[in-house]
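One line per chain: the protein sequences are A and B, in this order.
Reading the first sequence from the start, the letters are residues 1 to 864 in my numbering.
Reading the second sequence from the start, the letters are residues 1 to 113 in my numbering.
If you're looking for bench data, these hints aren't it; they were derived computationally from the structure.
For each residue, glycine too, the CB sits at the ideal point set by N, CA and C.
No more than 25 Å apart at the CA atoms, straight line, and that leaves these computed lysine-lysine pairs for DSS-like:
hint, chain 1, residue 1, chain 2, residue 2
1, A, K203, A, K439
2, B, K40, A, K45
3, A, K174, A, K548
4, A, K64, B, K51
5, A, K45, B, K31
6, A, K93, A, K770
7, A, K203, A, K132
8, B, K56, A, K64
9, A, K144, A, K284
10, A, K40, B, K31
11, A, K634, A, K144
12, A, K43, B, K31
Selected chain A positions facing chain B (Cβ under 7 Å, derived; list incomplete):
hint, residue
13, G28
14, D29
15, L31
16, E32
17, L33
18, Q35
19, D53
20, L56
21, R59
22, S61
23, I62
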Amino acid sequence: MKKTVPPKFFLRFFRWFCHPSLHVYIEGDLLELYQERVEKAGKGKADWRFAIDVLLLFRPSIIKPLEGYHRLNHYGMFKHYFKVCWRNLVQNKTYSLLNISGLAIGMTCSILILLWVQHESSYDKFHTSADKIYRLTCDVRDFKTAVSPAGMAEGLQEEIPEIIASTRLSQPMKTLFEVNDQKFEEQQVFFADSNFLEMFSFKLLKGNAKTALARPDGLLITASIAKKYFGDEDALGKTIKVDNEEIFTVTGILAAIPANSHLQFNILLPMIRAAQTERDLIDKSWENFGYYSYLQVIENSISTPEAQTFLEQKIDQIWASHVTTFEVNFQLQPLTDIHLHSDLQIDVPGHGNAQYVSSFSLIALVILLVACINFMNLATARYSRRAKEVGLRKVVGAYRSQLIGQFLSESSIISFLSLLIAIGIIYLVLPVFNDISGKELSLELLEGKPLIGLISIALITGLLSGSYPALLLSGFKPILVLKGKMRLANSNLLFRNSLVVVQFSLSLLLLIGTAVVYNQLNFIKNKNLGFKQENLLYIPITGDLFSKREALKTALQQHSATSNFSIISELPTNLSSGSVNVGWEGKDPDAQVVFPHISVDENFEEVFKIELISGRGFSRDLQTDANNYMVNEKAVEIMGMNVNDAVGQYFKNDDTEGVIIGIVKDFNYKPLQYAIEPMLMRWNRGGGNLVVRTPSGNTEEAITILEKIHQNLNPAYPFTYHFLDKDLENQYQGEQQMGMLFNIFAILALFISCLGLYGLSAFMSEQRTKEIGIRKVLGANIFGLVNLLSKDFFRLTVIAFLLAAPLSWYLMNEWLQSFAYHTTLSWWVFALAGMIILFITLLTVSSQVLKTVFMNPVDSLKSE
Amino acid sequence: MKKIRLGEFEEVVMLTVGVLYNEAYGVSIKKEIETRLSRKVSVGALQSALKRLEQKGYLQSRAGDTSQERAGRPKLYFEITAYGKRVLEYTRSTRNELWDAIPKIALDLKLSS
Numbered sequence: 001m002k003k004t005v006p007p008k009f010f011l012r013f014f015r016w017f018c019h020p021s022l023h024v025y026i027e028g029d030l031l032e033l034y035q036e037r038v039e040k041a042g043k044g045k046a047d048w049r050f051a052i053d054v055l056l057l058f059r060p061s062i063i064k065p066l067e068g069y070h071r072l073n074h075y076g077m078f079k080h081y082f083k084v085c086w087r088n089l090v091q092n093k094t095y096s097l098l099n100i101s102g103l104a105i106g107m108t109c110s111i112l113i114l115l116w117v118q119h120e121s122s123y124d125k126f127h128t129s130a131d132k133i134y135r136l137t138c139d140v141r142d143f144k145t146a147v148s149p150a151g152m153a154e155g156l157q158e159e160i161p162e163i164i165a166s167t168r169l170s171q172p173m174k175t176l177f178e179v180n181d182q183k184f185e186e187q188q189v190f191f192a193d194s195n196f197l198e199m200f201s202f203k204l205l206k207g208n209a210k211t212a213l214a215r216p217d218g219l220l221i222t223a224s225i226a227k228k229y230f231g232d233e234d235a236l237g238k239t240i241k242v243d244n245e246e247i248f249t250v251t252g253i254l255a256a257i258p259a260n261s262h263l264q265f266n267i268l269l270p271m272i273r274a275a276q277t278e279r280d281l282i283d284k285s286w287e288n289f290g291y292y293s294y295l296q297v298i299e300n301s302i303s304t305p306e307a308q309t310f311l312e313q314k315i316d317q318i319w320a321s322h323v324t325t326f327e328v329n330f331q332l333q334p335l336t337d338i339h340l341h342s343d344l345q346i347d348v349p350g351h352g353n354a355q356y357v358s359s360f361s362l363i364a365l366v367i368l369l370v371a372c373i374n375f376m377n378l379a380t381a382r383y384s385r386r387a388k389e390v391g392l393r394k395v396v397g398a399y400r401s402q403l404i405g406q407f408l409s410e411s412s413i414i415s416f417l418s419l420l421i422a423i424g425i426i427y428l429v430l431p432v433f434n435d436i437s438g439k440e441l442s443l444e445l446l447e448g449k450p451l452i453g454l455i456s457i458a459l460i461t462g463l464l465s466g467s468y469p470a471l472l473l474s475g476f477k478p479i480l481v482l483k484g485k486m487r488l489a490n491s492n493l494l495f496r497n498s499l500v501v502v503q504f505s506l507s508l509l510l511l512i513g514t515a516v517v518y519n520q521l522n523f524i525k526n527k528n529l530g531f532k533q534e535n536l537l538y539i540p541i542t543g544d545l546f547s548k549r550e551a552l553k554t555a556l557q558q559h560s561a562t563s564n565f566s567i568i569s570e571l572p573t574n575l576s577s578g579s580v581n582v583g584w585e586g587k588d589p590d591a592q593v594v595f596p597h598i599s600v601d602e603n604f605e606e607v608f609k610i611e612l613i614s615g616r617g618f619s620r621d622l623q624t625d626a627n628n629y630m631v632n633e634k635a636v637e638i639m640g641m642n643v644n645d646a647v648g649q650y651f652k653n654d655d656t657e658g659v660i661i662g663i664v665k666d667f668n669y670k671p672l673q674y675a676i677e678p679m680l681m682r683w684n685r686g687g688g689n690l691v692v693r694t695p696s697g698n699t700e701e702a703i704t705i706l707e708k709i710h711q712n713l714n715p716a717y718p719f720t721y722h723f724l725d726k727d728l729e730n731q732y733q734g735e736q737q738m739g740m741l742f743n744i745f746a747i748l749a750l751f752i753s754c755l756g757l758y759g760l761s762a763f764m765s766e767q768r769t770k771e772i773g774i775r776k777v778l779g780a781n782i783f784g785l786v787n788l789l790s791k792d793f794f795r796l797t798v799i800a801f802l803l804a805a806p807l808s809w810y811l812m813n814e815w816l817q818s819f820a821y822h823t824t825l826s827w828w829v830f831a832l833a834g835m836i837i838l839f840i841t842l843l844t845v846s847s848q849v850l851k852t853v854f855m856n857p858v859d860s861l862k863s864e
Numbered sequence: 001m002k003k004i005r006l007g008e009f010e011e012v013v014m015l016t017v018g019v020l021y022n023e024a025y026g027v028s029i030k031k032e033i034e035t036r037l038s039r040k041v042s043v044g045a046l047q048s049a050l051k052r053l054e055q056k057g058y059l060q061s062r063a064g065d066t067s068q069e070r071a072g073r074p075k076l077y078f079e080i081t082a083y084g085k086r087v088l089e090y091t092r093s094t095r096n097e098l099w100d101a102i103p104k105i106a107l108d109l110k111l112s113s
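Please work from the sequences and hints to get the whole structure.
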């Protein structure tokens, strides 16, 4: 009988995958069935069924497992590490909790800070040509400003071939907008050149970027403004009434302005509209500094600092050929530097501070370091318990590198566990953090970059904190360890102690920093500005109010609550105008001084309670006072006069010649970062703000009266009022926010250090339980024992203090120098911080120490 | 007896192994099930069930003699272990308990309809 054979391919396939222990038996079954089928149904059908059977046998329980050279990784070993690590964690619950919570809190802080830092340094990078755009800024002596003359942008573009485009933006305005009788006063309104959207990559949802600002009656609004005025209707092509008379058509709708743009605007009006009336724009002035100019240069034309200096000098020369009366130095400020590196006056609001970014990055690092040190400390203390394990592993043949691998993977597992917890915490606290920092940050885990960042943080933390324990442990000599001859607890005492010192120094640094920041903020709040800021209420003079000022004054005088008022051009919170065009008898022709100026009326000193040192204030009755001036003390000093003879001296500003009629005591009219400069007060010919000093307690009444008067005289405009002291406070909002964050992070760093200290003291006390028992039996008293156990920790704290105090003194002094007016660093800040740390150390350590000390010696000595 | 999970197919396989007594190997079990229950059984499904049952300790196997029609490949005979027997009994008794617990009326209605 000729044997029929089943299909070779399937038989071979079966032999290849089948588990060797089953192989022959199943193959037998298959062959038996095959023969039977051949006889019954013929070869074709039998072959076919054979193939199906083989394929159906290809299932996990029949396939042979991977073995021998098939094993391509150390999965088994990793599994083992993981298991050992997990058992250790579960076995020592307290220590695991201390470790993981410390790391998790540390990571939370660092990740939050890094999110913030990342946001701060991402400003304006979204523009496609961000690296080619520069803002033209300048300084006149110490007066540095972000604005430049109206004619320069275009003029420079014509004369310098490297500049291929230029666009201008006006200073931000408040303007009244009206649609279907809905009136709102909008902030952050700018005039912009028609090519604004070509240079900057703000996204336009509707409309044409090229033509949107090209017609004098077109305007651009953001999507949120469109929604506010037009609801869900299509706003494009609709009309808006501006300032009660002019009709504009919406020619484009902008997508929400990215939060990381230094320019934040709601509405853009066409510059050509402003050019119909503004003198500076019509004349293409090179002298009046009032516009933000942005220049786009050819790629790589400013690749070196020298090239930039060269270009800046060229700009200076071109400017000097237009204006000869005074000197100005121009700078090209890279677009991406504007947010963080601006300390310019008359700048758009809302700038960040590079100093804060770098100090917070440092804090992030410090906190993570503190958490890592915690881990190392606890690990080295604890690992003496695992010495036997290490010894045994070595005996059965583990290499040192494998042991290092084990401990590093263990610490990495812990740090990834902490990362997971940290991410959870971040999702919980992010809204609070955003509230405090005034940002809108979010953690997008699904995006590649943040995820990689997080994983690398965990990995670095794991490796860093695992490094020392791993090196230490893997170096044990197996014989000594297994014989129990190694006194492990003390072998690395020095290292552990220095870690504790570093940790506490860092915490102290943050704590002292917090105290100083708090002091400075307090100082600012309580600083005598030279005028009384309380109970000052102001309303902007809008619409018809100025032309009806006589009626306004009469109305105000009728009520005692509002009779103390003054109309001034600008508020002395952040004065933004200054003039170089001043002259006096005996002025050095080369001397260049910028005089910030303010226009005031006869009630100015009275309302603001500014002290008049010499002379008199303005008077309505004297016609000549319109050309006269008042100055501050600083101005007298700069002009080289003295307070007694300055009154009556000749003084001129622009072309208005007059005499000095009065001298006021210096008062602060800018944020306290700036020192007081010479100041000029002129007679107010225009509007500005109506400032009312209300008798204390009568504020409500004054507001009602003001509203009524406003309603009568200027019904077309909505009534708004503000408080001067609120404005002053808001100026330091950035500092306040930073102070608050600093506070929180300092406390957290301290908390993490305490977690570590707690663990360490618990471990030390536990190790010395027997010793304490014996001492007690031999008659040691409680006080002595407490002293014995905790004096080491005190010593460490004191050393930490000695290290941290000078360092923090130096750093905080640096920070204070950035304020023209600042507190002095007083010794009690340091003393207080030191006391707090000492107290906290005592509290942390004592809980464990006392437990050990009060233990009944019978219990601690009975075993063994 | 804790945690006994016997699937329907597993139960059928075990019972068949019992039926065949000393003659239970791959092909005979397959044929027995196919004829008695008139359902198709693939070699793969059967073999993996057998292996699983052996791992659980319900069955034990021994290698048998070789034969001509198997091209010299030995047969692998299966028999029920004592533990396996108890498992079968347990399964049966639980089924019976469930049967007994069904109220008469429910069954009558079902049957009469």
